[in-house]
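Quick note: the sequence shown uses our numbering, first residue 1, plus one each step.
These are calculated hints, taken from the structure and not from any lab test. Each hint should be verified, as a subset may be incorrect.
[Claimed, not checked] Computed spacing ranges between beta-carbons, pair by pair:
(1) Pro154 with Gln446: 44 to 50 Å
(2) Gly160 with Gly192: 32 to 38 Å
(3) Asn140 with Gly226: 34 to 40 Å
(4) Asn324 with Thr356: 19 to 25 Å
(5) Asn140 with Asp210: 30 to 36 Å
Keep in mind it's a predicted model, so treat the numbers as computed, not measured. By construction, the Cβ of each residue, glycine as well, lies at the ideal position given by its N, Cα and C atoms.
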Amino acid sequence: TGDIDGDGASELLATAPNQNGAPGRALLFSGRTGTLLRSFATALSNSGFGSDATGIDDCDGDGVRDVVVGANVRGMLFFYSGATGALIRTVQGTQSGFGNALCSAGDVNRDGRGDVAAFGNFVVEIISGANGALLGAFPNSGADSSSVALRVLPDLDSDGHAEILLTSGGRIVKVLDPFPAPTTRVVPEPSGSSTGLGAEGVGFADLDGDGIVELLLADGNVVVQGQRGGIFVISPRNGALLDTIHEPRGGRNLFVASLAGIGDLDADGREDVLMQRGDGTTTGLELLSGRTRTIRSYWTPTAQFSSFGPRSTGLANLGDVDGNGFGDLAIGNPYGFGSSDGQCAVLDARFLASFTSLGTGCGEGPFLPQLGVSRPVLGSTAQVVVRDAPLNAPGLLVLSAAPRNATNLGAQGCDVAFDLSAWAQFANLAGASSYSLPLPIPMVPQFAGLDIALQAFFIPTGGPLGFDLSNGVWARVGY
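All chains should be modelled from the sequences, with the hints used to inform the complete structure.
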């Protein structure tokens with residue numbers, strides 16, 4: 001929505017169009033504090049109020065951004081003051097389903113007031129924020145009202161006005177330019193794309209650092225390098241296919257429900273992208289490197305959003321709302337578990353140093369070797385500790401990039417947490433029952449988000465496989 005309360009941080013606008021049959025609502029929250037700032041509703045029954053909502057530039061002349069809420073069943077728009085929450089005006093559309101999708105249109109007619117783009121019955125109309133008049137239209141969009149979405153694109157043609165991205169199922173992807181007159185550029189269908197293109201994950205980010213965003217269009221049915229699912233990277237200026245991103249792990253698919261550019265998280269000079277799987281089985285997020293176009297890091301569920309259901313949706317980049325220099329994002333949770341159902345979380349996208357212990361290890365006993373590590377914070381020295389190592393058995397502490405899954409070697413607890421195909425010796429372990437080893441972490445921002453695996457093994461012993469294996473540790477380098 002942009003900054004409405006004047007604290008320098010963007011606010012968060014969430015809608016609940018169908019609250020168990022009750023009239024819908026739209027809620028405006030402070031992006032910085034999470035405080036509820038405004039609640040918008042209507043007494044009109046069966047209106048579809050909250051079908052979509054957006055912030056727009058100041059439309060009532062008080063210098064504060066305002067809010068527009070759609071009511072697609074009635075085909076109406078409701079304009080509200082961002083400063084007071086008061087209703088400014090309503091606009092009755094002429095198209096069925098008017099208000100089904102909305103986004104800011106900037107100041108199209110240059111009257112100093114914000115305008116809005118609204119979808120209804122295959123038509124996108126530009127509505128004046130000053131008086132509700134029709135300023136222009138994009139007819140025959142071909143969009144499916146059940147999956148249509150409008151998004152503001154950063155200015156592509158340097159005319160001082162943002163463009164609008166229209167997407168819908170059935171490979172409908174169009175760039176709408178409302179200024180100086182409505183013009184439409186159809187984004188060509190990428191070779192191999194399916195009808196799911198435009199209805200699945202859609203986003204944009206400046207991956208190549210040229211100041212112009214690229215479109216990111218997920219397609220769960222495209223086959224890329226023998227695997228199902230991928231993300232098309234497309235130029236919004238000319239529709240050229242720039243790249244196709246696939247699942248890097250063999251035998252897996254890539255179904256993306258939502259994605260969002262989040263700024264440069266790893267200090268490599270390129271914007272990165274956070275995405276959420278759409279297979280209905282996970283609440284985790286994954287980081288896509290803008291520079292390499294590969295999945296760089298997996299954000300498995302943590303306490304901050306472990307209660308989110310597998311159908312949590314709608315990633316949105318809020319900018320840096322907490323002022324720490326890193327982008328933040330919102331993730332909706334319409335179908336969570338228990339009290340988290342219907343919530344929206346704001347997450348700090350900065351990489352925080354963390355670690356996770358995996359498995360129990362295996363060995364001769366009676367005590368199994370145990371491995372621990374302190375948080376690998378950039379610019380510090382982490383400590384790696386081994387306890388209960390078997391005496392007189394030579395051992396190695398090994399390190400690798402963290403694999404996606406541990407590998408069981410055929411005995412209970414014998415789970416290898418490091419990458420068996422590419423690991424390195426970190427330290428020799430011999431003759432003692434315990435060890436404490438320094439692990440220097442350079443202050444190199446590009447290392448942020450690096451996932452590493454550590455594990456110790458000792459051979460020969462009387463263990464079930466002829467050696468003792470410690471528990472594994474997966475650690476993420478960060479702040």
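To see whether the hints hold, each was checked on the structure:
1. Pro154 with Gln446: 44 to 50 Å: Because 25 Å falls outside the window, the suggested range is violated.
2. Gly160 with Gly192: 32 to 38 Å: With a Cβ separation near 37 Å, Gly160 and Gly192 satisfy 32 to 38 Å, so the hint holds.
3. Asn140 with Gly226: 34 to 40 Å: For Gly226 against Asn140, whose Cβ atoms are near 38 Å apart, the range 34 to 40 Å holds.
4. Asn324 with Thr356: 19 to 25 Å: Once the Cβ atoms are compared, 24 Å apart, the range 19 to 25 Å for Thr356 and Asn324 holds.
5. Asn140 with Asp210: 30 to 36 Å: 32 Å, holds
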